Each structure stands twice: as C-alpha cells, then as structure tokens.
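S.K.: Residue numbers (my numbering), protein chains in the order written: chain A, 342 to 433; chain B, -14 to 154.
Since the hints were made in silico from the structure, they are not lab data. Remember, it's a predicted structure, so these values are computed and weren't measured experimentally. Be careful, since some hints might not be right.
One side of the interface only, derived from the structure: several residues of chain B facing chain A at Cβ under 8 Å [to be verified]: (1) Gln65; (2) Val66; (3) Leu84; (4) Val98; (5) Ile99; (6) Val129; (7) Ile139; (8) Val149.
From the three backbone atoms N, C-alpha and C, an ideal C-beta is built for every residue, glycine too.
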Amino acid sequence: MKLIAIVLMATVLSGCSTFTKFLPAKPKFPEPIKELTEPCPSLETIKNDQVAITDLLKAVVNNYNLYYQCSLKNDGWNEWYKKQKEIYDKIK
Amino acid sequence: MSQLIWMIDLIPNWFWTLVLWTGVLALVASYILGKITFVSQYKIPLRVGGVAATIIGVYFFGVIANEEKWQARVDELQRQVKEAEVEGEAANEKLDQALQDKKTVVIEKGREVIKYVDRFKDREVLKTIPGPERVRVEEVIKYVENCPIPKELIDAHNMAAEPVKGDKK
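Here chain A stands alone, though its shape is the one from the complex (with noise of 0.2 Å):
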C-alpha cells in the first residue's frame, strides 16, 4: 500500500516536469553593416622605376589613408559587438 501511495505520488508530482518544453524563442543572430564586412584594400605600390619624390610621399599618404579607412571597420567592428552584446546581454 505504501509503495503505491509512493508511486502515485511522484507520478503527480512529476506532472511539471515531464511536459516541460524548450522555449521556442531563440534570437537571430545580428546582421552585421555590409561594410563591415568587407575586406581592407591592398596597399599601393609604385609601378615606376624611377619617381620623384612626391610620388613617393602620395602613395605613402594614399597608404595611410587606406590604412585609416581600414582601422576605421576595426573599430566599427569592436562598436558594432559591444553594441549588440549590451543589446542582448538585457534578455533574461
């Protein structure tokens, strides 16, 4: 008698957990800006054999510039994650 009182009793009690379900609330992963996600340009080389020396200092000026264009996506990057994750971190 007492081991069917038992048995009945954890059959009711198990009634929440057996019919427990995943939440079907799974977010979708952030699309990042389209710029972002492209590649950094290669550098500039000079072509010449001989060049003046303002030659020279444009394509190290035109390389500067791409590397800034370039650590701009880095940053952008490390913006856009940081965002997202604050975003994300407040679903509880």
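Given chain A, put chain B in place with the hints provided.
M.R.: Quick look at chain B alone, frame taken from chain A:
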C-alpha cells in the same frame, strides 16, 4: 512520447477540471452513498475510480499550470527578442552613419594632403604664390626635380606595401 504529448495537447483544459471534480465527487459519494444498501455494492469501484480520477486530474492540473507558466515565459522572451532585434537594427543604422561620416573625413584629409604634395610637382603653381612662400616652394620644387628616388628605395617601399604570403589577397 511526443505523439502522446501531442494527443494530450488536443484535449481541452476544461476536460481535466471535469476529471478532477468527478474524482472528488466519486470519492465523497463512495463514503456517503456507501451507507445506502443498493449503492453500497458500487462503493469500492467508485472509490478506486475516484482516487484514480483525482490523481489524474491533479496531475494534469499541474501540467496545465506548468504549461501556462512556460507559455508566459516564452511570450516574454519573444517580446524581448523582438525588442532587441529592433534596437540592434537601430544601433546598426546609427553606427553605419557614424562610420560613413568618419570615412568621409579620412578621405577628405587624404585628398587635402595629396593636393598639398601636388603643389611641389608643377612650376605653374609658383605664379599663384606670393612673397617668401614662393621662394620656399620653389626650393622644394627644385629639390623634387633634381632628386629622383632610386629603384632600390622604391622596391623597399613596395616590399613593405605588398601583402604577406598566405594573406587573403
């Protein structure tokens, strides 16, 4: 198991309320009506059925309460996810705008420096520069004209600018 759960899901909630109350009433009836001669022969089946119905009723009451609790949690989560998606999209637009603005500044700065360097390429520019500034620019132009960069230094520059092997490009 999932088919069984699916089939049980089809049964409306009020049915389990009915089962529980029927079980309770059957139990009560088995005690009260057991004293009446004609009904007393059904006392045991009524009691067993009543206990079974009460247990099943309580069990499914638990299931329903649990389901409602989870459904509320799911609704809340879905609302939060939706809000996060909208907020994420807005943050993306804001960041995109900020990046575009900064990129414009960087490109513009590069153009200005190139324009400045170009001053030293052409003697024509001297006609537009007045006073001592013209003397300085002329000196630089003279230097640019007389000092071409040797190939070795150009190669060194190109070596540094080319991507390393195994790089994406």
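S.K.: For each hint, tell me whether it holds in the structure or not.
M.R.: Hint check results:
1. Gln65: At 5 Å from the nearest chain A Cβ, Gln65/B passes the 8 Å test, so the hint holds.
2. Val66: For Val66/B, the interface hint holds, since the closest Cβ of chain A sits about 5 Å away, which is under 8 Å.
3. Leu84: For Leu84/B, the interface hint holds, since the closest Cβ of chain A sits about 5 Å away, which is under 8 Å.
4. Val98: holds (5 Å)
5. Ile99: holds (6 Å)
6. Val129: With a closest approach of 5 Å, the Val129/B hint holds.
7. Ile139: Hint holds; Ile139/B Cβ to chain A Cβ min 5 Å, cut 8 Å.
8. Val149: Status violated, d = 11 Å.
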